[in-house]
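Colleague: Residue-level listing of the chains:
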Amino acid sequence: MPWKPILRQLWLPALVFAVLLVATAGSTSFYFPPLTDVLATLWRELLHGGLVSDLWFSLRNILLGLALATVVGTGAGLAIGEVRTLRLATGPLLDFARATPTVGFVPVIILTLGIGSGPKIFLIFLGSVWPILLNTISGVRAIGPAVYETSRGYRIPWPLRLRRVILPGALPQILAGIRVALSIAVVLMVVSEIYGSPVGLGNFILQSGSSFHVAETWAGTILIGIVGYGLSVLLLLVEHRLLGWYHERAPRVRSPRPVRAAPSEIEESNGVVV
Amino acid sequence: MAKVRLLQLGALVVVLVLWAAIAAMGVVSSTALPGPRAVAGAFGGLFGSEAFWQAVGETLRGAVTGLLCAIAVGIPLGLLTGVYTAAEESSRLLMEILRSFPVIALLPVFLLVLGSTPGMKATVVFIACVFPVLLQAQYGARSVCQAVHETVRGYRIPRLLRLRRVVLPAAAPSIMTGLRLAATTSVLVAIGVEVLTTLPGIGHMIMESQQAGASARAYAYIFTAGGIGYTITLLAQFAEHRLLRWRPPAHQDEE
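Residue numbers (my numbering), protein chains in the order written: chain W, 1 to 274; chain D, 275 to 529.
These are calculated hints, taken from the structure and not from any lab test.
A couple of the hints might just be wrong.
Which bits of chain D does chain W cover? Going by a derived footprint, with three or more residues having C-beta under 8 Å, they are [to be verified]:
no., stretch
1, 363–375
2, 449–462
3, 466–478
4, 481–493
Every beta carbon over 12 Å from chain W, so not counted as near; a handful from chain D, in silico [what the hints assert, rightly or not]:
no., residue
5, Ala314
6, Pro350
7, Pro392
8, Glu424
9, Val426
10, Pro443
11, Leu517
12, Arg519
In this text, a Cβ means the ideal position worked out from N, Cα and C, and glycines have one as well.
Full structure from sequences and hints, please.
Modeller: Spelled out as structure tokens, the structure:
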């Protein structure tokens with residue numbers, strides 16, 4: 001019976017969609033055009049307007065920034081997580097860096113480095129590197145001491161240990177970090193493009209909003225939502241692919257208490273950080 | 275403990291020296307990255323000025339208003355959906371979609387509909403904060419273990435009593451986490467809104483300073499924002515510690 005749970009999860013979103021559709025159907029309100037109009041506008045802009053190039057620009061910035069943040073964050077996180085002195089020394093600094101809002105850097109970076117795509121990628125990197133870094137550190141620390149001692153006791157050389165023990169052990173947390181970073185990346189994409197950009201989705205909604213093309217504004221906003229959700233679903237698929245072993249074995253190997261959603265994991269994944 | 279503090283101080287000094295070296299070498303222009311001395315100087319000027327405290331006040335007002343609304347809405351809704359499995363299942367997909375939505379992208383729409391007002395700022399903060407609070411409350415309410423559930427049902431404990439004495443305490447640790455996340459988020463979102471609009475506040479001052487070429491002042495404002503976020507985290511950790519003393523520690527930290 002795989003249909004029943006799907007139906008149970010689907011009826012409310014479907015209902016909300018239907019209610020919105022009906023409620024705005026004959027809408028003459030300037031600010032809330034009929035949903036059908038908005039969707040038609042979205043379709044038209046994607047097919048004939050320049051929205052595809054905006055979408056491409058935004059997507060590329062997100063992916064490049066996020067890739068850079070993943071490489072740097074994981075690398076530094078593995079090092080800091082492994083070396084106790086480094087971890088103790090950098091703790092407060094990292095907390096402070098995480099608490100500092102990257103949106104504050106948007107005017108500084110864009111006004112000095114220009115409105116091209118480089119500064120935006122840098123901003124996205126700057127914002128999304130912290131959750132990945134911090135989660136990698138806690139992932140390395142969460143590896144069971146028995147595993148750790150064993151790999152040490154057998155004198156497994158460190159490159160091998162890094163590749164076969166530490167990296168897989170920390171992978172669930174690293175991916176949780178990337179998931180948080182993704183939502184930050186989307187937000188920074190939008191902010192940096194609203195602040196100053198000739199192209200991009202953020203620029204699209206700003207331009208159409210300030211010239212009172214309300215249907216276009218809503219269409220762009222919805223598209224950004226789709227991009228955000230689509231990317232997170234994509235990441236979830238990758239996660240299932242990479243972590244099949246973890247989810248499958250989790251209940252048997254670990255303690256009988258429900259530990260599947262580790263507190264630190266859920267704690268980091270509020271997808272709304274700016 | 276003292277050794278750890280020394281280490282942390284050392285790390286801070288290393289970062290400051292590196293920063294000063296990069297700024298002095300002129301790899302990046304001084305408007306993009308002013309030296310630490312210039313920023314410290316800017317801080318000195320700011321603390322005496324009235325505009326600084328006004329900006330901090332404006333940002334905090336928007337953040338706190340939105341946050342309080344988010345708490346008032348998020349905790350009851352989260353507990354309810356957490357207790358009733360049917361409610362949780364039906365709302366799961368909707369929640370997933372809504373919370374992955376970048377709230378700041380609503381800004382152009384809000385600017386159209388609500389205009390550039392402090393109320394708009396609080397609304398954006400509210401939307402951004404309600405989801406962490408709600409989801410953590412829901413997660414906490416679901417963490418009540420099966421045996422307790424059965425017992426409550428067996429003794430036919432009335433619904434309200436059950437919510438107050440069983441579900442709420444069980445969810446409290448998780449709710450505290452949600453509050454901490456939401457509190458930091460609220461300040462960040464408020465600043466994000468200010469950067470993009472003409473509303474007064476820290477974000478606006480960053481933009482204004484940078485446009486006036488006073489990048490040291492802009493950095494001082496950014497660090498002020500970081501300091502506020504850091505303070506909130508510390509306060510929340512302290513509160514968590516005090517309020518949840520009855521709970522066995524989840525994991526022992528070294529040190």
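Colleague: Go through the numbered hints given earlier and state which of them the structure violates, listing their numbers in rising order.
Modeller: Violated hints: none; all satisfied.
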